[in-house]
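**Q** Which chain is which? The protein sequence lines are A and B, in order. Residues -16 to 256 (our numbering) make up the first sequence, in order. Residues -16 to 256 (our numbering) make up the second sequence, in order.
To be clear, the hints were calculated from the coordinates, so they are not data collected in a lab. One or more hints might be untrue.
Calculated cross-link-like contacts (lysine-lysine; reagent style DSS-like; alpha-carbon spacing at most 30 Å) [to be verified]:
(1) A:LYS181 to A:LYS166
(2) A:LYS63 to B:LYS108
(3) A:LYS223 to A:LYS27
(4) A:LYS176 to B:LYS123
(5) A:LYS123 to B:LYS233
Estimated spans, in silico, between C-beta atoms of each pair [said to hold, decoys possible]:
(6) A:GLU190 to B:ASN80: 54 to 62 Å
(7) A:ASN48 to B:PRO93: 35 to 43 Å
(8) B:ASN80 to A:PRO140: 34 to 42 Å
(9) B:ASN80 to A:TYR95: 22 to 30 Å
(10) A:ASN48 to B:LYS176: 41 to 49 Å
The model shown is predicted, which means the values in this text are computed figures rather than measured ones. Where a beta carbon is used, it is the ideal one built from N, C-alpha and C, also for glycine.
Listed below, chain by chain, are the residues.
Protein chains: 2
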Amino acid sequence: MILVNGLQADSIPVDDRGLAYGDGLFETIEISHGQPLLWRRHLKRLKQGCAVLGMASYDDDVWLNDCLKLADRQEHAIIKLMLTRGSGGRGYRPDANSLGRRIVSLHSWPLYPQEHISEGVRLFKCETPVTENSRLAGLKTLCRLEQVMAQMEWQVPEFDEGLMLTADNDVIEGTRSNVFIVKNGVLLTPELKRAGIKGIMRDVIIEMATKSGMIVKEVVLDHGTFIDADEIFLCNSILKIWPVKDYLGKYYGPGACTKTLMTMVSNQLGDYE
Amino acid sequence: MILVNGLQADSIPVDDRGLAYGDGLFETIEISHGQPLLWRRHLKRLKQGCAVLGMASYDDDVWLNDCLKLADRQEHAIIKLMLTRGSGGRGYRPDANSLGRRIVSLHSWPLYPQEHISEGVRLFKCETPVTENSRLAGLKTLCRLEQVMAQMEWQVPEFDEGLMLTADNDVIEGTRSNVFIVKNGVLLTPELKRAGIKGIMRDVIIEMATKSGMIVKEVVLDHGTFIDADEIFLCNSILKIWPVKDYLGKYYGPGACTKTLMTMVSNQLGDYE
Chain A
-16 MILVNGLQAD SIPVDDRGLA YGDGLFETIE ISHGQPLLWR RHLKRLKQGC AVLGMASYDD
44 DVWLNDCLKL ADRQEHAIIK LMLTRGSGGR GYRPDANSLG RRIVSLHSWP LYPQEHISEG
104 VRLFKCETPV TENSRLAGLK TLCRLEQVMA QMEWQVPEFD EGLMLTADND VIEGTRSNVF
164 IVKNGVLLTP ELKRAGIKGI MRDVIIEMAT KSGMIVKEVV LDHGTFIDAD EIFLCNSILK
224 IWPVKDYLGK YYGPGACTKT LMTMVSNQLG DYE
Chain B
-16 MILVNGLQAD SIPVDDRGLA YGDGLFETIE ISHGQPLLWR RHLKRLKQGC AVLGMASYDD
44 DVWLNDCLKL ADRQEHAIIK LMLTRGSGGR GYRPDANSLG RRIVSLHSWP LYPQEHISEG
104 VRLFKCETPV TENSRLAGLK TLCRLEQVMA QMEWQVPEFD EGLMLTADND VIEGTRSNVF
164 IVKNGVLLTP ELKRAGIKGI MRDVIIEMAT KSGMIVKEVV LDHGTFIDAD EIFLCNSILK
224 IWPVKDYLGK YYGPGACTKT LMTMVSNQLG DYE
């Protein structure tokens, strides 16, 4: 089921600027027992994106109403929010008065193998580089063609996720996840100043780990340092934490620090709404 | 009027991957007396893009039929072709069997001031950097959010076009045009290995100039060299060539070499179909 500006619909006008130019943002949200998780954080990121793009959004209540309509009686599901800059003519320049179009859709909860958590996942090294743009870095915009290209590079089930790097061989993220490494007890994650999406779960893990006394650093993470990690893990709002089992033939996890963080996410996520 | 997969329509399914991820390509084509100009070149670029993205396209006849249906009796107009990877579920990985969706739309011919040609245009320096991705560079994909952001930086009619650079301050292109400079009689244009769109008119100008005996080089064009140019001009399939009148307070054109190329484009474009 899909709501377009609050009304059930299967289509959008063909002149939507999200289609024409990727001119919009999205959020992917876990629904549990009819309620969205980490809701305030998702809406906050959406609004931060709107501020950068100079786009109007909708009141929090409007988004929540849409979301709850679709989430009603869903035990476990995913809701995707999209906000485009609405309809427009040919030409990149948006109409200053253009009304955003919101698209809220319900999706079934994905079933991943239990081993992804208990044993970890196999990480592939993608050749497709991340797209670098300091102005758009961090945002979850509709321009995601490089993630599409990256995921086409490997076959499931041989690998479970792909790692994306800059042209200069710095590690940025997975195709659909953020990445952390543990080295000598310190938690390192790529800074996302030139590329990458600032994930909600990434933020939560940084806060949780810091609060528990771990040292966490956002750094330029070159590929050599990444390979030398003691532990590697991936995260996003849906899969939470996946330890990396192997990468380029080297065995990693799941390690002790990753396991501690997985337990913390399991037990404390409700405190980070 | 708009055709979606050959049928008149105002909307597309909301699960289109062009909307979700910018997963598609487009072309903007001049229609004169009911006929598309530079047609073979536009279709060739579209197919080259499909090859890079691993997308299926449609036979040339199918595209031409759509185009001619809309172009019929149009004295002067624009046709926009879009090809998306079609409908899909949540998740970046495309279905290997997904059918592309083609969207062909008719737009009125834009009326630019005559002075843009006779006196030249005022060029703005955009702060929004071009997006760098060596795998996608050159292609006219649906991911164009940085062009949208760039065009929001200045007000019309104070400036007529904006110049976009890399994070390292190399000149790449205008927001909707390619860029050339003339220095000591040599024609220089940015190579587009890491960023930018390879314009059809850019190709035509390189071929025309080379054939007429000019020296043409595709180079890394740093901003200092750009400013030191004797002449600067912009081009695309619709506006053809616009001399740059001034940039950052310095007066440039229209210069002799630019005028020669403008005459050549006026007289010989039919030979470059």
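**Q** Now tell me if each hint is right for this structure.
**A** Now the hints, each set against the structure:
With a CA separation close to 22 Å, the supplied pair LYS181 of chain A and LYS166 of chain A stays within the 30 Å bound. Proximity of LYS63 of chain A to LYS108 of chain B is assessed by CA-CA distance (about 37 Å); at most 30 Å being required, the pair is judged violated. With a C-alpha separation of about 19 Å, the suggested pair LYS223 of chain A and LYS27 of chain A falls inside the 30 Å cut-off, and the hint holds. Distance check on the hinted pair: LYS176 of chain A and LYS123 of chain B sit about 25 Å apart at the alpha-carbon level, within 30 Å; holds.
Of the pairs offered as hints, the one joining LYS123 of chain A and LYS233 of chain B is violated, with about 39 Å between alpha carbons and a cut-off of 30 Å exceeded. Taking the beta carbon of each, GLU190 of chain A and ASN80 of chain B are about 43 Å apart, not inside 54 to 62 Å as hinted. With their beta carbons about 41 Å apart, ASN48 of chain A and PRO93 of chain B fall inside the hinted range of 35 to 43 Å. Under the hint 34 to 42 Å, the C-beta atoms of ASN80 of chain B and PRO140 of chain A, about 19 Å apart, miss the expected range.
Between ASN80 of chain B and TYR95 of chain A the beta carbons are some 24 Å apart, a value that agrees with the proposed interval 22 to 30 Å. A C-beta distance of roughly 48 Å is found between ASN48 of chain A and LYS176 of chain B, which places it inside the suggested range of 41 to 49 Å.
Hint violations for this structure: numbers 2, 5, 6, 8, all remaining hints satisfied.
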